[in-house]
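Enquirer: Residue numbering for the sequence shown follows the working numbering, beginning at 47 and increasing consecutively.
Just so you know, the hints here were simulated from the structure itself, not pulled from any lab data.
Each residue gets a CB set at the ideal place from its N, CA and C atoms; glycine is no exception.
A portion of the hints provided could be inaccurate.
Said to hold, decoys possible - Simulated DEER-style distance windows between Cβ atoms:
#1 His-147 - Ser-127: 42 to 48 Å
#2 Arg-235 - Val-131: 40 to 46 Å
#3 Val-230 - Arg-125: 35 to 41 Å
#4 Arg-146 - Leu-51: 39 to 45 Å
#5 Leu-51 - Gly-160: 22 to 28 Å
#6 Ser-124 - Ile-178: 20 to 26 Å
#7 Glu-53 - His-147: 37 to 43 Å
#8 Val-233 - Gly-160: 14 to 20 Å
#9 Gly-160 - Val-231: 35 to 41 Å
#10 Leu-232 - Tyr-90: 46 to 52 Å
#11 Val-230 - Ser-124: 25 to 31 Å
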Amino acid sequence: MLTALLEHFGYLAIFALLVAGGLAVPIPEEAVQLVAGVLAHEGYLRLRIAIPVAWAGIVTGDLLWFTLARRHGPALLSRASVARVLTPSRRAWLDTHFARHPMITVALSRHLSGLRLPAYALAATHGVRPAIFALADGLSALVSVPLVVTVGYVSWDHLAAAKADVRRVELGILLAVAVVAAIVVLVRRRRRSRGR
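Please model the complete structure; the sequences and the hints are all you need to start from.
Expert: Okay, here's the thing in structure tokens:
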């Protein structure tokens, strides 16, 4: 579905999906970037345009999240989903590092997949200036985005094979679940018939 969406809407879809991912919509940004690279290799997109569009989508989403957290940070940080990820020890570690090295901490947080959004919300509530946040996030994404999109571009044939393998595994799991469910149903029926 992701590939079809990107094929149909191209650069706009890349940008929109990555902005949405930055706003806590569960869209894996690495997958969007990899697919953008694959589509560039297949001629649907141009690599030299896909990379800056992906970078802009990521940074825009992160800046929107940071702005939202500046206004509603305590409410975002008190959510149960955030508390599971942002444990007291992680929060203390981030607090210390935001106070000492906000730019480096923001840049490193960009690459902490599950902790990134809570860390950015924490940065917003700890007074990290928007300019510092934007510079750190933008520079960090400037390193990772070209790398990930290019990996998709270069590894397109391996990704296609991996996708086929994943599909076979999914079908195998579905078959195994169906067999287990059938066995459970048969065992229950047998027990009921004996109990009568």
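Enquirer: Hints first: check each against the structure and report whether it holds.
Expert: Going through the hints against the structure:
1. His-147 - Ser-127: 42 to 48 Å: Violated, at about 27 Å.
2. Arg-235 - Val-131: 40 to 46 Å: Distance hint for Arg-235, Val-131 holds at roughly 44 Å.
3. Val-230 - Arg-125: 35 to 41 Å: 37 Å, holds
4. Arg-146 - Leu-51: 39 to 45 Å: Because 42 Å falls inside the window, the suggested range holds.
5. Leu-51 - Gly-160: 22 to 28 Å: Holds, since Leu-51 and Gly-160 (Cβ atoms, about 24 Å apart) stay within the stated range.
6. Ser-124 - Ile-178: 20 to 26 Å: The hint (20 to 26 Å, Cβ to Cβ) holds, given that Ser-124 and Ile-178 are roughly 25 Å apart.
7. Glu-53 - His-147: 37 to 43 Å: 42 Å, holds
8. Val-233 - Gly-160: 14 to 20 Å: 39 Å, violated
9. Gly-160 - Val-231: 35 to 41 Å: Holds: the Cβ-Cβ distance is about 37 Å, inside 35 to 41 Å.
10. Leu-232 - Tyr-90: 46 to 52 Å: 49 Å, holds
11. Val-230 - Ser-124: 25 to 31 Å: 41 Å, violated
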